[in-house]
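Colleague: The primary structure of each chain is shown beneath.
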Amino acid sequence: MSQAASEEEALESVAATTPGMVRLLLGNRVAVVAGVVVLAFLAMGLLAPALAPYEPSEQHAEAIRVAPFWQAGGGTRFLLGTDGLGRDLLSRIMYGARVSILLGVVVVLLTLVVGAGLGMVAGYFGGWFDAVMSRVVDTLLAFPFLIFALAIMAATGPNLVALVLALAFKGWVDFYRVARGDVLAAREADYVTAARGLGASTPHILMSEILPNILPPLIVLATLRMATIIIAEASLSFLGIGVPPRIPAWGTMVADGRADVASAWWIATLPGIAILLLVLAVNLFGEGLRDALDPRMRK
Amino acid sequence: MGEAVLGVRDLHTHFSTYRGVLRAVDGVSFELKRGETLALVGESGCGKSVTALSIMGLVRRPGRIVRGEVLFGGEDLLRKSQSEMRRVRGGRIGMVFQDPLSTLNPTFSVETQIVESLRIHGVAKGKEARERSIELLEAMGIPAARERMGAYPHELSGGMRQRVMIAIAVSCEPELLIADEPTTALDVTLQAQIMDLLAEIKEERGLSIALITHDLGIVSQFSDRAAVMYAGQVVEQGAVAELLEEPLHPYTQGLLRCVPRLGRADVALTPIEGSVPDMAALPPGCRFAPRCPKAWDRCRDELPEMREVKDDRFVRCHMYGEEESPMDEPEVV
Chain A
1 MSQAASEEEA LESVAATTPG MVRLLLGNRV AVVAGVVVLA FLAMGLLAPA
51 LAPYEPSEQH AEAIRVAPFW QAGGGTRFLL GTDGLGRDLL SRIMYGARVS
101 ILLGVVVVLL TLVVGAGLGM VAGYFGGWFD AVMSRVVDTL LAFPFLIFAL
151 AIMAATGPNL VALVLALAFK GWVDFYRVAR GDVLAAREAD YVTAARGLGA
201 STPHILMSEI LPNILPPLIV LATLRMATII IAEASLSFLG IGVPPRIPAW
251 GTMVADGRAD VASAWWIATL PGIAILLLVL AVNLFGEGLR DALDPRMRK
Chain E
1 MGEAVLGVRD LHTHFSTYRG VLRAVDGVSF ELKRGETLAL VGESGCGKSV
51 TALSIMGLVR RPGRIVRGEV LFGGEDLLRK SQSEMRRVRG GRIGMVFQDP
101 LSTLNPTFSV ETQIVESLRI HGVAKGKEAR ERSIELLEAM GIPAARERMG
151 AYPHELSGGM RQRVMIAIAV SCEPELLIAD EPTTALDVTL QAQIMDLLAE
201 IKEERGLSIA LITHDLGIVS QFSDRAAVMY AGQVVEQGAV AELLEEPLHP
251 YTQGLLRCVP RLGRADVALT PIEGSVPDMA ALPPGCRFAP RCPKAWDRCR
301 DELPEMREVK DDRFVRCHMY GEEESPMDEP EVV
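Those protein sequence lines, which keep their order, are chains A and E. Letter by letter, the first sequence follows residues 1 to 299 in this note's numbering. Letter by letter, the second sequence follows residues 1 to 333 in this note's numbering.
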């Protein structure tokens, strides 16, 4: 059997084979920090009942608009101060993380599965399904999200199921377009022809050959969408048509503190910072994940 | 030798486009005998690859096989259902493509891709599939096969990748291997290695090979018979030694004059004048007539039939095989 010297050289690069995406992700400092922040928010939300010093809706009549601990008038009893009803801000921010993350995850998963699924089918098979779906998507894109959300929330009143549907109503469109476009390119790829040449079935090709190749952009999009959904939920809550008022949510808290922003800045600002931190961390983590998922980035 | 493994008869594959119907494969016929290597030779766009895809039933829209027969193992593959064809592809007919980097899925390791083909055809799975994959890679001359199993396509050299592709193509013990320009994307030094490898596994495994290429050097060294294609048709077919020594069709003659010969600076290279016809507006007569130095009126009006001029020697040209003058031929209305 003939063997070239150049192929012996190639062996050396392979000798230190694929460390896997986890190690690559861990080597990315920004992604690690972002991941830790996301995990911290997740833990904070999950463990809120155990960690929070007070019930989120518990009112302390004697301690209204107490400043956070580092400010004059603040203390260790309420670390991040209290709001206009004497509720502990730290506890409310902790509980608020639950709603933001839960809605973000549920809406993103729902829109990812629906959008990517429809997009892959439309992209791979084309034909009338693609034509119909793509016109539906064009129509939805021309549809103002906020007006729709306002209408649906005004009709149903603030409740979580309606909120998920309102947020998901247009959200799947982005996944549809990315999945359709990438499948359109991938189905012409030589490796798809090769897989068909090996006798692979269409479902196998879609799920096992194409999906792994179009997944990285979908994951990046999912994290971006997660951030957008968190902001959208906060905006609707801020307008009073998002999360029901009895559930603590960051958007609602910002709205509550709005009137006092000159005298007690922390009531509106601290939950705002929580939104900013979480959204930023989710975005940065998503970018790290994208790099780690790309096999070409593995060294 | 003698028995045909693959018989392609009057195959027509057309593509509907906005410009009209492109007759990419327009009446291709050839036979591939057991144990031989048949080269399908021609320029880019002559329909070689579409012929290969048609045999495998892999022509995609807007392409369509209009008519013809692809006889393999006594059955017409064009009449088989998609699920029956899935068992043939990769199982009884293996295929190797031009660019191994793009035909290997970038997201999976070598191991996953070989094991997958064994699994699809129910040949082996689990630990057994892994062991068989390592054996296959070793048989393809890949050193340190065990370590390479975890490698991703981009981590391998071009020659390595093509060896992996060939390993996948022969993993399920096919009778026929279709190799579509298997060395075009490789360095010249690697080309010879890969062709040697193909010749070796052909002997070892009793394969028959349909070799698609535009490289006449490869044709002369590695194939037994050749079919020369021009504008969607086979124009000449025969044993390689004879065909290259004494080409009959003016196109084959022209092709051979384009090939430089080592140590023969005295032989000038002559390009074929003109260019390949527009496949949506083919000339009414012989496809090659507009570029043919020997064409006469009849060539421009009437498409020549494929004729067997001697034993196993076919040519599609008005110059051969007709004793009577064109004038005496009965008028077909």
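Quick caveat, the hints were computed from the structure, so don't treat them as lab data. This structure is a prediction, so every number in the text was calculated from the model and none was measured. Quick reminder that beta carbons are idealized off the backbone N, C-alpha and C, glycines included. Warning: the hint list may mix true and false statements.
[Unchecked claim] One-sided and incomplete, this derived list gives chain E residues near chain A with beta-carbon spacing under 8 Å: (1) 4; (2) 16; (3) 26; (4) 27; (5) 29; (6) 58; (7) 59; (8) 95; (9) 97; (10) 107; (11) 119; (12) 123; (13) 125; (14) 127; (15) 168; (16) 191.
Colleague: Look at each hint and say if it fits the structure.
Modeller: Hints versus structure:
1. 4: 22 Å, violated
2. 16: 14 Å, violated
3. 26: For residue 26 of chain E, the interface hint is violated, since the closest Cβ of chain A sits about 22 Å away, which is over 8 Å.
4. 27: At about 24 Å, which exceeds the 8 Å cut-off, the nearest Cβ of chain A leaves the hint on residue 27 of chain E violated.
5. 29: Interface hint status for residue 29 of chain E: violated (23 Å vs cutoff 8 Å).
6. 58: Check passed: Cβ of residue 58 of chain E comes within 5 Å of chain A, closer than 8 Å.
7. 59: For residue 59 of chain E, the interface hint is violated, since the closest Cβ of chain A sits about 10 Å away, which is over 8 Å.
8. 95: Nearest chain A Cβ about 4 Å off; hint holds.
9. 97: 6 Å, holds
10. 107: Hint on residue 107 of chain E: holds, closest Cβ of chain A at ~4 Å, below 8 Å.
11. 119: Interface hint status for residue 119 of chain E: violated (10 Å vs cutoff 8 Å).
12. 123: 11 Å, violated
13. 125: 15 Å, violated
14. 127: Nearest chain A Cβ about 20 Å off; hint violated.
15. 168: Since chain A brings a Cβ to about 7 Å from residue 168 of chain E, closer than 8 Å, the hint holds.
16. 191: Cβ of residue 191 of chain E sits 11 Å from chain A, so the hint is violated.
Of the hints listed earlier, those the structure fails to meet are numbers 1, 2, 3, 4, 5, 7, 11, 12, 13, 14 and 16, in rising order.
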